[in-house]
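Participant: Chain X is already provided as a structure; the job is to place chain U on it using the hints.
Chains as they are written, first to last, in my numbering: chain X, 145 to 455; chain U, 2 to 235.
Keep in mind that the hints were calculated from the coordinates and are not lab data.
Incorrect hints may have been included.
Have a look at the derived ranges for each label pair, beta carbon to beta carbon [what the hints assert, rightly or not]: (1) X/217 to U/61: 45 to 53 Å; (2) U/45 to X/372: 18 to 26 Å; (3) X/209 to U/167: 22 to 30 Å; (4) U/168 to X/391: 15 to 23 Å; (5) U/61 to X/373: 31 to 39 Å; (6) U/147 to X/218: 50 to 58 Å; (7) U/100 to X/372: 48 to 56 Å; (8) U/89 to X/211: 38 to 46 Å; (9) U/166 to X/217: 19 to 27 Å; (10) X/216 to U/167: 14 to 22 Å; (11) X/217 to U/159: 28 to 36 Å; (12) X/441 to U/45: 31 to 39 Å.
No more than 27 Å apart at the CA atoms, straight line, and that leaves these computed lysine-lysine pairs for DSS-like [to be verified]: (13) X/196 to X/179; (14) X/196 to X/311; (15) X/191 to X/359; (16) X/413 to X/311; (17) U/130 to X/448; (18) U/207 to X/448; (19) X/448 to U/221; (20) X/356 to X/191; (21) X/356 to X/332.
Going by beta-carbon spacing under 8 Å, a handful of chain U positions derived as facing chain X [said to hold, decoys possible]: (22) 54; (23) 171; (24) 198; (25) 211.
Keep in mind the model is a prediction, meaning the values are calculated, not measured.
Note that beta-carbon positions come from the ideal geometry of N, C-alpha and C, so glycine has one too.
In case you want the letters, here they are:
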Amino acid sequence: MFPPIPNPDLKAATKFGEKDLIRRSASRVAEPAQKLTPMAKLIDVSKCIGCKACQSACLEWNDLREPVGFNDGTYNNPPDLTPTSLTVMKFTEWVNPETRNLEWLIRKDGCMHCADPGCLKACPAPGAIVQYSNGIVDFVHENCIGCGYCVKGCPFNIPRISKADSKAYKCTLCSDRVSVGQGPACAKACPTQAIVFGTKDEMKQWADGRIKDLKSRGYKNAGLYDPPGVGGTHVMYVLHHADQPEIYAGLPRDPRISPLVEIWKGVAKYAGLAVMGAFAVFGVLHHAVMGPNRVTREDESAAKQLTETQS
Amino acid sequence: MSADEMRADEAKPGESVHRGDPVVVDRYTAGARINHWITAACLILLAISGMALFHPSLFGLTALFGGGQATRAIHPWIGVVLFFSFSGLFLRFWRLNLWKGADTTWLARLNKVLGNRDHEDPDLVEIGKYNAGQKMVFWGMTLLILTLIGSGLVIWDEYFASYTTITQKRLAVLLHAGAAVAIICIWIVHVYAAIWVRGTISAMTKGQVTGGWAWRHHRKWLRELVTGGPRPAE
Chain X
145 MFPPIPNPDL KAATKFGEKD LIRRSASRVA EPAQKLTPMA KLIDVSKCIG CKACQSACLE
205 WNDLREPVGF NDGTYNNPPD LTPTSLTVMK FTEWVNPETR NLEWLIRKDG CMHCADPGCL
265 KACPAPGAIV QYSNGIVDFV HENCIGCGYC VKGCPFNIPR ISKADSKAYK CTLCSDRVSV
325 GQGPACAKAC PTQAIVFGTK DEMKQWADGR IKDLKSRGYK NAGLYDPPGV GGTHVMYVLH
385 HADQPEIYAG LPRDPRISPL VEIWKGVAKY AGLAVMGAFA VFGVLHHAVM GPNRVTREDE
445 SAAKQLTETQ S
Chain U
2 MSADEMRADE AKPGESVHRG DPVVVDRYTA GARINHWITA ACLILLAISG MALFHPSLFG
62 LTALFGGGQA TRAIHPWIGV VLFFSFSGLF LRFWRLNLWK GADTTWLARL NKVLGNRDHE
122 DPDLVEIGKY NAGQKMVFWG MTLLILTLIG SGLVIWDEYF ASYTTITQKR LAVLLHAGAA
182 VAIICIWIVH VYAAIWVRGT ISAMTKGQVT GGWAWRHHRK WLRELVTGGP RPAE
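Next up, chain X with everything else stripped away, as it sits in the complex (with noise of 0.2 Å):
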């Protein structure tokens, strides 16, 4: 077994500050003088029991308290993500259709942490969204405009506004904790250990034992989930069936940010204002070349000639 995370020496411990920033969101950073690991969080689907600790450890640590909803039909609760449930459980009922076996997909949604995020790439609020030298993306909520460019711009759905105070929510990673040396919530909690975390080399050490496991149990197809179109992610998944994640609740099978978004943020912001700064210059410089277009006094006496002809 991956062994628990112990509690560290918290004297020791120093919180992500402005010199850990890789990217912060409508600005530029500096680069950061000393990088910290790349960390990461792997959640095992082919050892989830679909308990719910791990969600109910992220309402617990964040003090979050999601309102009593209704149920559905199906184990999803609440149905999908909210502004206070930062990470839910989907449950997938799927039968393969080669055993004709049902199989439970219990897949922990929440974000993925992406090293390309589209959020922090569509977010017009300097410092609203942020990336540490560890690979975490965490929301400033003091900087959040609520926009929801950030929802635009996620090629997998995560991020939701709050009704109450218009701001973005989605999971931190538990940047609070894993700053001071601890695991997310969620994976201290998690009674199976289907969710590890650590550093991503040892994360995907970790998943590689896990597939060959799963693979001489007759899981062909299983497989890690760190998709490269998004320059790989901090939260990936160990899948059975790896070659289709589509059947995980619709787990993008090549995420990236949409072509759509990367022109909004990208060649159309410069495009967009060299094209009015072209106009401006042009009417500066044809009034600087031609001059004004005056109204001479021929044109009065004509005018003046016209309506006394007329009377």
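Facilitator: Chain U in isolation, oriented as in the chain X frame:
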């Protein structure tokens, strides 16, 4: 009817010719001017607040609206005001902006107009209340405001987030930004033309222009006002 008001009873509302030196021509009613300036104020506020969210280097403009949250909240509402205000202008002016054969001639000889040589060309002299450039500004604004209000509603997440898919929102946000750039360019043309062609701005501040201005730039319109309309004698 006073002696210096010519054909005021036959002219369209807000349009009449006052004899004198110089001749003064009424071009816009007070209602049309108020309507225009409400629209203008909204468009400027929308451009500033929108650009603040368009490019990071302009985010500081949000301070004018009380911060980022306030800018995000107020921008769509200004858009709603502009939509209704512009609708008023549209109803007032659409008929006069219908495209005519002469407008195509005007457009084909745009280089003469811009080169201040239009007054040498007899085809470019007899212009009605609006020239082709003004008409293009009018129809451009109309189309772009429809695009902006439509795409704006799709991305107005505070009220309408649940009505569209994320892909539709992505398309809307790109369309919204593109239309905004285009409308700001048209606005620059509109403002520049008003400055370049001296004597124009008083049409929107006082509602009046001089007879010489009307003779030089909208001679057909002036003739119609003086003779009492384009209708042939019945």
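Participant: Taking each numbered hint in turn, which are not upheld by the structure, reported in ascending numerical order?
Facilitator: Numbers 2, 6, 13 - these are the hints that the structure violates, sorted from lowest upward.
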